[in-house]
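S.K.: So the chains spell out like this:
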Amino acid sequence: MRAWFFLVVLLVFFEIWAEVADNTSFVGSVYNAQSIAVFAVAPLLLALGSTFVIIASGIDLSIGFIMGLSAVVAAHAVNIAGLWLPPFAAMLVGIVSGIAVTVIPGTVNGLLISRLKVPPFIGTLGMFGVCRGVAFLIAGGTTVPVSNAWFASLGNDRILGFPIVVLLTVAFLAVMHYLLSQTRFGQHTYAIGANEQAAIRAGIDVNRHKERLYLLSACCAGIGGVLYAARFTAGAAQAGEPLLLDSIAAVVIGGASLFGGSGTVLGTLAGALVIAVIQYGLVFINVEPFWQFVAVGVVIIISVLVDQTQRRLGDR
Amino acid sequence: MNAAPDSPILEVRGVAKRFGGVQALRDVSMVLHPGEVVALAGDNGAGKSTLIKTISGVYRADDGEIRFAGERVDFASPEAARGAGIETIYQDLALADNLSIGANIFLGREPMRKLFGFLPALDRPTMAAAAKETMGRLDFHVDRLDAPVGRFSGGQRQAVAIGRAIYWNARVLIMDEPTAALGVPEQRKVIALIRTLKAQGQGIIFISHNLSDIFAVADRIVVLIRGQLAGERRIAETNPDEIVRLMVGG
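Sequences listed follow chains A and B, in order.
Just so you know, we're using my numbering here: the first sequence kicks off at 1 and counts up by one.
Just so you know, we're using my numbering here: the second sequence kicks off at 1 and counts up by one.
You may find that some hints are simply not true.
Unchecked claim - According to the in silico footprint, chain B covers these stretches of chain A (three or more CB under 8 Å from chain B):
1) 197-207
2) 293-302
What the hints assert, rightly or not - Incomplete in silico selection of chain A near chain B, CB under 8 Å:
3) Pro87
4) Arg184
5) Thr264
Bear in mind the hints are in silico, worked out from the structure with no lab data behind them.
C-beta: ideal position from N, C-alpha, C; glycine also.
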């Protein structure tokens, strides 16, 4: 709720600015809407996985470089498969490979945290380094250009005015919303975040659940990596580097508590849109880009303060 | 000794439990009838916790036997004991504070329904209805069935934990210090709750340090000292001074 309110405030602010300063409309522009939506795709995909992990009072720091790893692997796979297969099939091979490779870091994260009891912060920080190194090694220290018309079209074309990457992300968002709000998996995610002992006593296999959570988080990053490679027709190891903090910020602005137990997919959507609107809007009104960091940081702090105040009042 | 005319739901006969060289329980026996409240008293380290954990499947007795509903049982795990109908409610209650009463009752075994005829989804209406009915049985009426249980008071949360147990047909309820963390009005509510359960034929063992609670609601009191039975009294035939003497071994 709070994040949607922030979003409206921001849109009103930029709208007034655009009307007064440039005599144009911010909200009314289809181009702006498309740009913000495309802008929000990658951090949102990372944030969707993190929403689950954070609700279960974990954290996954490795997603940024898992995304990079996935982008690099997808780019290579499209190119290599393209040597033997028709372009469409090569694209499919790339998509599958990019997502499949994330099963490795996702599974290792899950096993470290559930079976070996490594704190999530440490375990996924280690995986952050591993994936970073491996992604650059596979990429040969540079970006991997892709030449495949289907893949480029996936990343850049529109259907009825809606960018394909945005449509795919919205569909995925719907699935994740269903998973969190309507299934046992989602319910147990909340329970583990609130009271792990209670979940164990209720007969929930908490270890297996955590393994699945980190696998899910990695796969979300994998989808983000594939769509990145498609959009830029290149795989880059550093593709997701700046997105880790943005995605966690989106989850927190969206109403999740880093202590676990709360958060929603729709809140995370709003959080991701808030960040995208700030970043795009500040460029739009010609503010130096470095202010984006300041603005996003301020919004994170405000949203946590509002959250804490609400909790205090609610507890009374 | 026949506190109730019917046969006991739970019998503990000559149970012993050792941890390494420590004899935690030695030849402890007790019985519990349906509709009876037995208080378990004793100083720290007297073996109260070990005894209830042996009954509820956390530990296995080294010697002696436990009979439940007339049959000898040897539970391998707390889940097995719970499956048979022996539910233990620990002080921490084991509730997920962010979930509703219904979601807590069904945690780990949620009912599902079909959305649009094909999509499986949590059956929240069923969970809410079960929550309402169960809490009604306990005379705890909550108006907001969708509110997370973290919003409720300590006594209400205790009721939710008990409600979860009785919903799944627990026949023996073991409560570990159910009034310890509560204010006086809430303590009274929980005592009233135990009376309601008793009237419904539930067998209840409750551990308490609070003699006034024990005398308010128990039928019998079993006192342990250093892992052994120090004595057993019917509440009607004893007084707090005698119980304290038994507890300190005087």
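S.K.: Now look at each hint and say whether the structure bears it out.
M.R.: A quick look at each hint next to the structure:
| no. | hint | verdict |
| --- | --- | --- |
| 1 | 197-207 | holds (count 7) |
| 2 | 293-302 | violated (count 0) |
| 3 | Pro87 | 35 Å, violated |
| 4 | Arg184 | 5 Å, holds |
| 5 | Thr264 | 12 Å, violated |
Against the hints set out earlier in the document, violations occur for numbers 2, 3 and 5.
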